[in-house]
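Novice: Sequence:
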Amino acid sequence: MLDAAARKLIDPPLNALGRRIAGFGVSANAVTLAGFALGLGAAAAIWAGAMGLALVLLLASRLADGLDGAIARATRKTDFGGYLDITADFAFYGAVPLAFVLLDPAANGVAGAVLLASFYVNGTSFLGYAILAEKRGMETTAQGSKSLYFSNGLLEGTETILFFVLICLMPGFFAPLAWVFAVLCLVTAASRVLAARQVFSN
Numbered sequence: 560m561l562d563a564a565a566r567k568l569i570d571p572p573l574n575a576l577g578r579r580i581a582g583f584g585v586s587a588n589a590v591t592l593a594g595f596a597l598g599l600g601a602a603a604a605i606w607a608g609a610m611g612l613a614l615v616l617l618l619a620s621r622l623a624d625g626l627d628g629a630i631a632r633a634t635r636k637t638d639f640g641g642y643l644d645i646t647a648d649f650a651f652y653g654a655v656p657l658a659f660v661l662l663d664p665a666a667n668g669v670a671g672a673v674l675l676a677s678f679y680v681n682g683t684s685f686l687g688y689a690i691l692a693e694k695r696g697m698e699t700t701a702q703g704s705k706s707l708y709f710s711n712g713l714l715e716g717t718e719t720i721l722f723f724v725l726i727c728l729m730p731g732f733f734a735p736l737a738w739v740f741a742v743l744c745l746v747t748a749a750s751r752v753l754a755a756r757q758v759f760s761n
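If you read the sequence shown in this note's numbering, its first letter stands for residue 560, the second for the next number, and so on.
None of these hints come from the bench; they were simulated from the model. Incorrect hints may appear among the rest.
[Unchecked claim] Quick list of the computed label-pair ranges, beta carbon to beta carbon: (1) L612 <-> P664: 32 to 38 Å; (2) D663 <-> K694: 41 to 47 Å; (3) W738 <-> E693: 30 to 36 Å; (4) R578 <-> A755: 33 to 39 Å; (5) V615 <-> E693: 34 to 40 Å; (6) L622 <-> M729: 44 to 50 Å; (7) A619 <-> Q757: 38 to 44 Å.
Backbone N, C-alpha and C define an ideal beta-carbon position, used for all residues, glycine too.
Input sequences plus hints: build the corresponding full structure.
Specialist: Structural data, given as structure tokens:
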């Protein structure tokens, strides 16, 4: 829901920084992998209970996630780069809730499992929509220039990162926050399925 508005704010400085980094010969894929490593580091810090460190690593990871696209636009976008980016994103999105479950299985286990299941359903609705949109030659730049078709929804990348920041700041409230976010994920998936029914039925 917030990605389109957020992109208008963050894309200009990211693109400028991406051009500078590309000038040093750093590839977009290298930045994607660095961001993924930082994201896994954030998950490991959560598991260890070091929430301050986790928050720093998480934010650094998402900065890298924005920079890889900016570097690709400044150099050359590839299908593999887009594939690597979305794969790393989904792995990161799963690692953070899993880390909270591992931190306190008794308190966070059920809520974390439901949240991960909702991520799975929502991700499937997103990727399935992207495949059919590509098949029909559909394009959108609402969430910026992407390798995949990004269908909008109630929850998008911006909301997910804000949720991750919130649970790092308030880890004791992970379970109730996870339940709420899981429901919103399922609502997002359902709305995307309804939209797909309208767009792809013929």
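Novice: What hint numbers does the structure not satisfy?
Specialist: 1 and 6
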